[in-house]
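Q: Listed below are the residues making up each chain.
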Amino acid sequence: MAICLLKNITKSYELGGESVEVLKDINLQIETGDFLAIMGPSGSGKTTLMNIIGCLDVPSAGEYYLAGKEVSHLSDDELSLLRNEHIGFIFQSFYLLPYATVLENVLLPTLYVANGSNREATEGALRLLKLVGLEDRAKFKPNQLSGGQQQRVAIARALVNDAELILADEPTGQLDSKTSGEIMELLAAMNGHGKTVVLITHDRITASYAKRVVHISDGRLKLEENAQDIQDRGAVI
Amino acid sequence: MHRIFKIAGQSFDAVQAFKLRTIFCLLSVALGIAAITVIVAATEGAYKKAFDMVERFGPDALLVISGSEEARAVGQRDKTLTLDDVRALQEALSGAYLIAPMTSIGDVTVSYRNQKYQTRVIGSSSDYSNAWSWPVVEGSDISPEDVKALRNVGLIGTHLALELFGEIEPVGKHILVNSIPVEIVGVLASRGTTPTGSNLDDRLIMPISTVMKKMQNEAKYISAIKLRFVDQSRINGYEEEVKSFLRQRHRVPKGEPDDFRVISPKEIIKFLVALTGSLVVFLGVVGVISLIVAGFVLANLFLLSVKERTKEIGIRRSVGARRRDILMQFLGEAVIITTLGGMAGFVLGFLTAQLLTRVAEFPMHFSWKAFTLGLLLSWLIGIAFGMQPAARAANLKPIEAIRG
Ligand SMILES: Nc1ncnc2c1ncn2[C@@H]1O[C@H](COP(=O)(O)OP(=O)(O)O)[C@@H](O)[C@H]1O
Ligand SMILES: [Mg+2]
Numbered sequence: 016m017a018i019c020l021l022k023n024i025t026k027s028y029e030l031g032g033e034s035v036e037v038l039k040d041i042n043l044q045i046e047t048g049d050f051l052a053i054m055g056p057s058g059s060g061k062t063t064l065m066n067i068i069g070c071l072d073v074p075s076a077g078e079y080y081l082a083g084k085e086v087s088h089l090s091d092d093e094l095s096l097l098r099n100e101h102i103g104f105i106f107q108s109f110y111l112l113p114y115a116t117v118l119e120n121v122l123l124p125t126l127y128v129a130n131g132s133n134r135e136a137t138e139g140a141l142r143l144l145k146l147v148g149l150e151d152r153a154k155f156k157p158n159q160l161s162g163g164q165q166q167r168v169a170i171a172r173a174l175v176n177d178a179e180l181i182l183a184d185e186p187t188g189q190l191d192s193k194t195s196g197e198i199m200e201l202l203a204a205m206n207g208h209g210k211t212v213v214l215i216t217h218d219r220i221t222a223s224y225a226k227r228v229v230h231i232s233d234g235r236l237k238l239e240e241n242a243q244d245i246q247d248r249g250a251v252i
Numbered sequence: 111m112h113r114i115f116k117i118a119g120q121s122f123d124a125v126q127a128f129k130l131r132t133i134f135c136l137l138s139v140a141l142g143i144a145a146i147t148v149i150v151a152a153t154e155g156a157y158k159k160a161f162d163m164v165e166r167f168g169p170d171a172l173l174v175i176s177g178s179e180e181a182r183a184v185g186q187r188d189k190t191l192t193l194d195d196v197r198a199l200q201e202a203l204s205g206a207y208l209i210a211p212m213t214s215i216g217d218v219t220v221s222y223r224n225q226k227y228q229t230r231v232i233g234s235s236s237d238y239s240n241a242w243s244w245p246v247v248e249g250s251d252i253s254p255e256d257v258k259a260l261r262n263v264g265l266i267g268t269h270l271a272l273e274l275f276g277e278i279e280p281v282g283k284h285i286l287v288n289s290i291p292v293e294i295v296g297v298l299a300s301r302g303t304t305p306t307g308s309n310l311d312d313r314l315i316m317p318i319s320t321v322m323k324k325m326q327n328e329a330k331y332i333s334a335i336k337l338r339f340v341d342q343s344r345i346n347g348y349e350e351e352v353k354s355f356l357r358q359r360h361r362v363p364k365g366e367p368d369d370f371r372v373i374s375p376k377e378i379i380k381f382l383v384a385l386t387g388s389l390v391v392f393l394g395v396v397g398v399i400s401l402i403v404a405g406f407v408l409a410n411l412f413l414l415s416v417k418e419r420t421k422e423i424g425i426r427r428s429v430g431a432r433r434r435d436i437l438m439q440f441l442g443e444a445v446i447i448t449t450l451g452g453m454a455g456f457v458l459g460f461l462t463a464q465l466l467t468r469v470a471e472f473p474m475h476f477s478w479k480a481f482t483l484g485l486l487l488s489w490l491i492g493i494a495f496g497m498q499p500a501a502r503a504a505n506l507k508p509i510e511a512i513r514g
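Listed in order, the protein sequences are those of chains G and L.
Numbering (my numbering) for the first sequence: 16 to 252.
Numbering (my numbering) for the second sequence: 111 to 514.
Read the hints as simulated data drawn from the structure, not as lab findings.
Worth double-checking, as some hints may not be accurate.
Looking from chain G toward chain L, a few residues come up when the C-beta cut is under 7 Å (computed) [said to hold, decoys possible]:
id, residue
1, 90
2, 95
3, 127
4, 154
5, 200
6, 203
Listed next, with one range per pair, are the computed distances between beta-carbon atoms [said to hold, decoys possible]:
id, chain 1, residue 1, chain 2, residue 2, range
7, G, 83, L, 514, 30 to 36 Å
8, G, 100, L, 137, 41 to 47 Å
9, G, 150, L, 467, 30 to 36 Å
Capping the alpha-carbon separation at 25 Å, the derived lysine-lysine pairs in PhoX-like fashion look like this [what the hints assert, rightly or not]:
id, chain 1, residue 1, chain 2, residue 2
10, L, 158, L, 421
11, G, 156, G, 22
12, L, 479, G, 154
13, L, 116, G, 156
Backbone N, C-alpha and C fix where the C-beta goes; we use that ideal spot for every residue, glycine too.
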């Protein structure tokens, strides 16, 4: 079953009394277990699209089905609950809380679960920190970690509530190529464990980890590319 | 664990993380709460003191003082009460069980060996101690025979005793009062100072006959009369009775003011309340102003904090925080800070009150009332002034917040 189904999604912003269409008639289907890369130049609407997929924002028009449920008319509280239970975000600048420890940062999504044992949450978070190779950094503050390590913390945070959809917006945008590779390996491994991953990037090598690539340009999705093509091209570059 | 506790934990973490903001808010709240604490303590202290004073004065007692402001202003003599008035009152007032005449001389030099001291000498009957509910704790009281025989005996207050005798036991010793030798027969219990600062224990009580004849060369006029009545619930009626009786005896024409003044328990309470009232008004203004200032400091620092932490709010929203979770977190931060401020303010107020009591002899009384009021006010300030910044934080759109 498709975990995400976008039908004729439009998003427009009011700018100086003028309506600007940022997403134009987007149709997209993402299957459970997919690893999709969305590529496009800066300002083409990638982040806007990801925000809608991640229920951080609602479309101006069109229908969006998340796990079979139409969500574009849900209330703010209902969208918050969806994000909490089903979606894990990974951002370009990591977005960790500077005054909280690594462990506290990983635990952040568990704070907004209505009920649940603290001990279990902490055990889960420590297990994830081990998985991303940071079990000995649990008590550190984010500014004591390298960029790659901070992004690993963010990945652990995205997984802590056992979300089935991981949305990564240029997760390697601030990392060197070696570290980028490690982060992408980690995301690919998550996908291997059954998580659906949506990756936004404008880097072909990064996109080559995906199973499938779509291009967006000026708010419109273009024809899908076969992942193998990109990998071949990536290898050429 | 329930979500609300986890969010309260987040509030605590932020309070610790944003130390400078916390300290500023805390201090301003503390000042306001300190002032409020002192007010409550002063008000309670005044009432307690008034109650104590009325107990000592006697809730069933009246004090009639010679002369009046008005009479003195037009040059009439200031002693208008006489020993005959006392006798007549004793015959006429069936409700009074005790009527004691009093006369008083200030700044009398008394000495024991080479220790000299200036004190107040009060002449009264053998009823003085009972009239003022003021027990003789060592030696014995002045007897009716002492008064009849104009004996040179005296009851000494503890302050005077300490000044003259130090560690020496005063009972049985002879002192010189205006070069008259007087034997100390008893010591009065310690009473401390009045709210106006005069020391009640700085006095010597002697038979009124001795004082009038040997020190004042006076046969007739006295300073005051203390009366105590059987039925304290009828004290107002007795007051009227005493007034009209004395006006008649003194032939004060209708429409003219009394040539004496009557002090009742009611009046003592009025006096004390007025005395404390000025402090309460002053501190009330200071307290309310500083609490409002504290509120605005809090609101502004929190607004700044919300701006600085926009990204944090966005991150929390992206992982599933609802509007009300953000609201509760920021309100929680505000209330934690004002509660801490309130507690610090209570301690500060307590110390200030101690100082006021030491320096200005102000009656202060601390109870759970001052503490509870302080705490409730802190919460009120936290919620009232934290609400707007918290609501602003909660109403940020997730995508706008996360962009920072
Ligand atoms: N809140 C907004 N108001 C107005 N314009 C916006 C807003 N958010 C994004 N945009 C515009 O939408 C376009 C797409 O933005 P975005 O989705 O961030 O692009 P990308 O992530 O591909 O770089 C840009 O031109 C941007 O300026
Ligand atoms: Mg973007």
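Q: Hint by hint, say whether it matches the structure.
A: Each hint, compared with the structure:
no.: 1; hint: 90; result: 10 Å, violated
no.: 2; hint: 95; result: 4 Å, holds
no.: 3; hint: 127; result: 4 Å, holds
no.: 4; hint: 154; result: 14 Å, violated
no.: 5; hint: 200; result: 24 Å, violated
no.: 6; hint: 203; result: 23 Å, violated
no.: 7; hint: 83(G) <-> 514(L): 30 to 36 Å; result: 34 Å, holds
no.: 8; hint: 100(G) <-> 137(L): 41 to 47 Å; result: 43 Å, holds
no.: 9; hint: 150(G) <-> 467(L): 30 to 36 Å; result: 60 Å, violated
no.: 10; hint: 158(L) <-> 421(L); result: 55 Å, violated
no.: 11; hint: 156(G) <-> 22(G); result: 42 Å, violated
no.: 12; hint: 479(L) <-> 154(G); result: 44 Å, violated
no.: 13; hint: 116(L) <-> 156(G); result: 20 Å, holds
Of the numbered hints stated above, those contradicted by the structure are hints 1, 4, 5, 6, 9, 10, 11, 12, listed in ascending order.
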